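Colleague: Each chain is listed here by its residues.
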Amino acid sequence: MTNAILTGLVLGGMYALIAMGLTLQYGVARIMNLSYGEFLIAAAFASYWLFTGWAVNPLLGLLLVVPVSFGVSLALYRVLLTPLVRRARNRDALEVDSILATFGMMFIVQGIMLTLFGGAYFSYSFLAIPIHALGEILALNRLIAFGLSVVVGLALYLALTRTRLGTAIRAVAVDPNAAQLVAINVVRTSALAFALGGALVAAAGGLISMFLTFSATSGVVFTMKALIVVVMGGVGNLLGCLVAGLLLGLSEALVATFIDPGLTLAVNFALFLGVLLVKPAGLFGRAQR
Amino acid sequence: MVSSITRLAAGLLALAGAAATSLSGTAQAQTSVKIGYAISRTGPGAGGVAVTTLPNYEMWVKEVNAAGGLKLGDKRVPIEVVEYDDRSSAEEAARALERLITQDKVDFILPPWGTGLNLAIGPILNKAGYPHLAATAVTDRAPELAKRWPNSFWLLGTSAGAANTLVELLVKLRGEGKIGDTVAMVSIADGFGIDLSGAARPALTKARFKLVYDKSYPVGTQDLSPIINDVKGLNPDVFIAFSYPPDTLGITEQSRIAGFNPKIFYTGVGTAFPLFKQKFGANAEGVMGIGGWSGDSPAIKDYLARHKASAKGAEPDRWASAVTYASLQMLQQAIERVGKIDRAAVIKDLQTGTFDTVIGKVKMENNMPTRFWWVGQWQDGEFYGVGPSTNEGARAPILPKPAWKAM
Amino acid sequence: MMTRSDVSIVVAALAGVAVLALVPVMVDAYYLSLAISLLQFTVLATAWGMFSGPTRYVSLATTAFFGVGAYTVAVLGEVLAWPLVLAVAAVLGALMAAVVGLSTLRLSGVHFVIFTFGLAELVRQIVVWYEVNVTRVLGRYVFVDITQKDIYWQLLGLAVAVFLTGWLIARSRLGFALRIIGEDEVVARHCGINVTVAKVALFTISATFMTLVGALMSPRWTYIEPSIAFNATISFQVVVMALLGGAHRLWGPALGAVPLTLLFEFLSARFPATSTLIMGVVFLLIVYALPAGVVGLWERLKAWRPARRDTSGAKA
Numbered sequence: 431m432t433n434a435i436l437t438g439l440v441l442g443g444m445y446a447l448i449a450m451g452l453t454l455q456y457g458v459a460r461i462m463n464l465s466y467g468e469f470l471i472a473a474a475f476a477s478y479w480l481f482t483g484w485a486v487n488p489l490l491g492l493l494l495v496v497p498v499s500f501g502v503s504l505a506l507y508r509v510l511l512t513p514l515v516r517r518a519r520n521r522d523a524l525e526v527d528s529i530l531a532t533f534g535m536m537f538i539v540q541g542i543m544l545t546l547f548g549g550a551y552f553s554y555s556f557l558a559i560p561i562h563a564l565g566e567i568l569a570l571n572r573l574i575a576f577g578l579s580v581v582v583g584l585a586l587y588l589a590l591t592r593t594r595l596g597t598a599i600r601a602v603a604v605d606p607n608a609a610q611l612v613a614i615n616v617v618r619t620s621a622l623a624f625a626l627g628g629a630l631v632a633a634a635g636g637l638i639s640m641f642l643t644f645s646a647t648s649g650v651v652f653t654m655k656a657l658i659v660v661v662m663g664g665v666g667n668l669l670g671c672l673v674a675g676l677l678l679g680l681s682e683a684l685v686a687t688f689i690d691p692g693l694t695l696a697v698n699f700a701l702f703l704g705v706l707l708v709k710p711a712g713l714f715g716r717a718q719r
Numbered sequence: 021m022v023s024s025i026t027r028l029a030a031g032l033l034a035l036a037g038a039a040a041t042s043l044s045g046t047a048q049a050q051t052s053v054k055i056g057y058a059i060s061r062t063g064p065g066a067g068g069v070a071v072t073t074l075p076n077y078e079m080w081v082k083e084v085n086a087a088g089g090l091k092l093g094d095k096r097v098p099i100e101v102v103e104y105d106d107r108s109s110a111e112e113a114a115r116a117l118e119r120l121i122t123q124d125k126v127d128f129i130l131p132p133w134g135t136g137l138n139l140a141i142g143p144i145l146n147k148a149g150y151p152h153l154a155a156t157a158v159t160d161r162a163p164e165l166a167k168r169w170p171n172s173f174w175l176l177g178t179s180a181g182a183a184n185t186l187v188e189l190l191v192k193l194r195g196e197g198k199i200g201d202t203v204a205m206v207s208i209a210d211g212f213g214i215d216l217s218g219a220a221r222p223a224l225t226k227a228r229f230k231l232v233y234d235k236s237y238p239v240g241t242q243d244l245s246p247i248i249n250d251v252k253g254l255n256p257d258v259f260i261a262f263s264y265p266p267d268t269l270g271i272t273e274q275s276r277i278a279g280f281n282p283k284i285f286y287t288g289v290g291t292a293f294p295l296f297k298q299k300f301g302a303n304a305e306g307v308m309g310i311g312g313w314s315g316d317s318p319a320i321k322d323y324l325a326r327h328k329a330s331a332k333g334a335e336p337d338r339w340a341s342a343v344t345y346a347s348l349q350m351l352q353q354a355i356e357r358v359g360k361i362d363r364a365a366v367i368k369d370l371q372t373g374t375f376d377t378v379i380g381k382v383k384m385e386n387n388m389p390t391r392f393w394w395v396g397q398w399q400d401g402e403f404y405g406v407g408p409s410t411n412e413g414a415r416a417p418i419l420p421k422p423a424w425k426a427m
Numbered sequence: 044m045m046t047r048s049d050v051s052i053v054v055a056a057l058a059g060v061a062v063l064a065l066v067p068v069m070v071d072a073y074y075l076s077l078a079i080s081l082l083q084f085t086v087l088a089t090a091w092g093m094f095s096g097p098t099r100y101v102s103l104a105t106t107a108f109f110g111v112g113a114y115t116v117a118v119l120g121e122v123l124a125w126p127l128v129l130a131v132a133a134v135l136g137a138l139m140a141a142v143v144g145l146s147t148l149r150l151s152g153v154h155f156v157i158f159t160f161g162l163a164e165l166v167r168q169i170v171v172w173y174e175v176n177v178t179r180v181l182g183r184y185v186f187v188d189i190t191q192k193d194i195y196w197q198l199l200g201l202a203v204a205v206f207l208t209g210w211l212i213a214r215s216r217l218g219f220a221l222r223i224i225g226e227d228e229v230v231a232r233h234c235g236i237n238v239t240v241a242k243v244a245l246f247t248i249s250a251t252f253m254t255l256v257g258a259l260m261s262p263r264w265t266y267i268e269p270s271i272a273f274n275a276t277i278s279f280q281v282v283v284m285a286l287l288g289g290a291h292r293l294w295g296p297a298l299g300a301v302p303l304t305l306l307f308e309f310l311s312a313r314f315p316a317t318s319t320l321i322m323g324v325v326f327l328l329i330v331y332a333l334p335a336g337v338v339g340l341w342e343r344l345k346a347w348r349p350a351r352r353d354t355s356g357a358k359a
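Chains as they are written, first to last, in my numbering: chain A, 431 to 719; chain B, 21 to 427; chain C, 44 to 359.
I should point out that these hints are in silico values taken from the structure, not numbers from a laboratory.
Computed from a prediction, not measured in an experiment: that's the story for all the values here.
For every residue, glycine included, the Cβ atom is placed at its ideal position computed from N, Cα and C.
Hints may be right or wrong, so weigh each one.
[Unchecked claim] Every beta carbon over 12 Å from chain B, so not counted as near; a handful from chain A, in silico:
#, residue
1, L436
2, N487
3, G501
4, T512
5, N520
6, L584
7, Y587
8, L611
9, R618
10, G704
11, K709
12, F714
[Said to hold, decoys possible] DSS-like, lysine-lysine: derived pairs with alpha carbons at most 27 Å apart:
#, chain 1, residue 1, chain 2, residue 2
13, B, K283, B, K425
14, C, K192, B, K147
15, C, K192, B, K125
Go ahead and model the full structure; you've got the sequences and the hints to work with.
Modeller: The structure is reproduced here in structure tokens:
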């Protein structure tokens with residue numbers, strides 16, 4: 431039992447980590463980013479390349495990968511997405527446009543990775559060391575990813591609720607038009623949120639590359655997982671993201687241990703659908719309209 | 021604004037026109053042998069194609085053309101390649117093949133990667149009378165399909181063959197007193213895992229093994245530790261995982277971390293990948309898996325060296341890669357024996373002839389080879405075939421599997 | 044009463060269908076399969092637009108219904124007569140859509156997207172689990188006696204049906220109600236429109252067509268497994284095609300489906316190794332150049348001529 435709970439928590443932490451960037455991009459910047467998983471895989475490739483080519487510790491590599499991804503995302507938002515934001519008449523229109531544009535972006539990023547790395551699987555071992563905790567054995571690299579996701583999640587949650595900038599970001603998330611009225615620069619705040627999401631997804635990519643096998647075409651799996659966690663937790667809510675991720679991870683581990691590993695994903699989706707039926711806006715989301 | 025719209029419309033029209041002309045293709049005089057293939061450059065199948073299929077196709081074409089081409093009668097004719105991306109979808113694969121046949125009018129077609137796609141295109145190749153050398157499909161229906169489509173050859177065998185060979189090996193080892201009779205088995209909930217576990221289950225029961233764990237997990241499971249922890253608690257002598265590459269790596273890593281070290285540790289697709297050795301290094305030692313090859317044979321050693329030279333240092337996998345390359349050699353030998361582009365005669369020759377390939381002499385019976393490697397084991401950095409033990413070049417398995425080393 | 048232009052449209056449509064019906068006897072196997080692809084996506088995108096256009100709900104459940112249709116044929120194809128198989132598929136699809144619609148259509152737009160995606164995955168996981176644990180085989184063989192030409196003609200029939208249905212709905216009370224709902228749901232409620240019934244009815248009709256497409260397509264492949272039948276990319280392709288064409292018109296999605304299918308085909312044939320990259324670039328170009336979809340472009344072109352003479356008639 432402790433074992434299932436521990437592995438579930440660790441797995442859930444990873445899900446939350448994967449999803450946190452998207453909750454900012456989707457919740458605040460209103461970009462339904464279908465190329466999200468591709469950016470995650472790109473960061474994983476970067477960490478792999480730094481580790482195998484330059485012997486750079488993937489954790490240290492994050493110091494390079496995360497800022498680069500922040501910059502790239504900021505540039506992307508400025509160059510590609512701002513025109514869409516400007517021409518969109520309402521939220522629905524922006525959603526449609528962002529789905530179409532990021533769908534194209536997904537192909538581009540994937541195409542670049544295919545050209546650079548080919549379609550083969552990649553994997554390496556880093557910190558795959560057994561750690562004894564509460565009488566159970568866990569992998570150190572997964573534990574680190576879990577720890578970081580909790581720390582980052584809570585830190586960002588506090589930053590969003592306790593600082594001026596964070597309040598501005600939340601205001602944009604709730605109502606971009608009203609935010610404008612109180613002298614918040616919506617476009618700049620959105621760009622910042624999108625770039626912050628880009629930084630988070632890079633961190634997630636770098637961390638999961640330590641223990642998951644990936645290939646240039648495996649991004650879409652992560653986009654989907656992230657979308658599910660984000661919506662279940664409530665779009666734009668980091669705490670919701672964390673709780674939803676942990677719930678999914680726990681349910682997966684418990685079902686695998688006590689019922690049937692074959693049903694894990696089905697139960698995950700059922701849980702997700704169930705939450706949405708009871709709380710259509712997600713666990714921590716506020717109802718719209 | 022309007023002019024930009026008209027320009028765009030004109031551009032789209034031009035694009036459509038270009039598509040139409042490229043679709044129609046042009047007829048060519050027989051100065052080359054056109055060989056076409058549609059493989060998964062993208063999508064879930066891309067990982068398998070990149071390791072097993074594409075490097076071998078490219079290397080074979082390069083080698084044949086470097087030698088002047090295929091020998092048709094007394095002259096050599098170079099190969100011209102037409103390639104499409106099937107995006108890992110059955111519908112795309114079917115359409116790409118129809119295009120190869122009717123538009124590009126290719127002389128021969130090389131098959132896609134994977135069981136599902138090979139089955140999906142079977143009827144098309146059969147109807148058009150092209151030889152179909154399925155080198156990456158494992159299906160129990162293979163004998164029946166070979167009857168239904170006499171142009172199809174199933175070079176990787178049946179899942180029953182894989183499962184029975186494994187169980188035979190286990191029975192033998194138990195007879196020698198090297199292992200007990202508890203077995204834990206997990207399988208991926210996909211065609212491959214279900215077929216193999218479906219065949220292994222009755223075989224194990226019949227051989228009076230105790231199946232202490234028998235579960236499947238869905239494709240895309242990202243953490244297999246609950247399964248490994250459960251299995252570890254049961255302490256079986258034999259652990260069998262009919263898994264796909266990402267899970268094969270995940271299961272092995274997790275077992276090492278959890279210190280789960282049964283006497284026999286067997287994993288599925290991916291064990292034979294060079295990536296496995298690269299990731300686990302010395303810890304690969306003693307791990308068994310599906311596939312294997314006669315690592316000591318000069319033909320295989322030569323093939324390995326040529327593959328590395330051709331594919332920028334990448335090594336082939338130790339199962340379907342060599343079979344894929346052998347299928348190309350068989351096709352080449354059949355074409356050259358016939359001496360002209362006569363697909364019916366080539367099919368006939370494939371059915372009856374004997375072929376000299378990197379995996380040894382191959383003579384097919386009922387459109388299937390008579391000899392397969394089903395169980396391999398990592399020994400000193402090479403994945404040697406250990407089962408069936410009657411195969412030429414079979415090594416004796418190392419038992420029990422050595423303990424995991426700290427990394 | 045039909046106006047003169049209505050009559051000419053009907054005549055043109057009939058002539059078009061007649062020409063299209065002759066396609067299989069005129070072209071070779073490749074063009075036939077390309078034509079099948081075009082029809083498949085036309086019907087899927089149009090059915091998608093039928094529901095999502097007026098309600099503005101982006102549904103990713105296309106593949107769930109498509110897959111149910113395909114699987115029905117895989118299971119019953121060799122047991123029942125063909126029309127009966129199709130009928131069972133249609134009923135299954137409609138039932139599933141009605142249940143899903145009743146339970147989910149109160150979700151707001153954003154969440155509906157993900158919900159429908161989750162639904163497609165859930166159905167797929169359940170089918171996998173059932174096959175693994177009950178039938179113990181994953182992957183079924185479909186050996187039914189249906190030729191490619193038959194598939195084409197059936198799809199063409201379905202395409203006619205979907206356009207006819209869409210046209211009839213637009214002229215019915217239901218269509219009128221839907222337009223109001225699309226403009227403002229609160230207003231619609233106040234007008235006494237039963238919003239839920241209208242939405243569920245439309246969702247069910249649209250899903251039934253999708254299920255039928257899956258059923259008609261499945262004899263094309265000898266082998267059906269969940270990853271083939273419940274291929275998530277179909278959902279995305281359909282959404283993108285319909286949005287690109289313009290989902291607020293009945294014929295809009297088709298205008299996205301046809302060029303995009305041809306484009307994908309052209310790119311994967313011409314640039315097999317780099318098609319992904321080029322596809323992405325072309326896609327972005329289209330998105331930026333056609334802000335309101337193909338329909339929007341068409342409407343702007345149409346609006347342009349009179350607008351020069353009549354300055355007061357220009358509308359956004």
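Colleague: Does each hint fit the structure? Answer for all of them.
Modeller: Going down the list of hints, with the structure as the test:
| no. | hint | result |
| --- | --- | --- |
| 1 | L436 | violated (9 Å) |
| 2 | N487 | holds (14 Å) |
| 3 | G501 | holds (28 Å) |
| 4 | T512 | holds (20 Å) |
| 5 | N520 | holds (23 Å) |
| 6 | L584 | holds (23 Å) |
| 7 | Y587 | holds (25 Å) |
| 8 | L611 | holds (33 Å) |
| 9 | R618 | holds (29 Å) |
| 10 | G704 | holds (19 Å) |
| 11 | K709 | holds (26 Å) |
| 12 | F714 | holds (24 Å) |
| 13 | B:K283 / B:K425 | holds (15 Å) |
| 14 | C:K192 / B:K147 | holds (15 Å) |
| 15 | C:K192 / B:K125 | holds (21 Å) |
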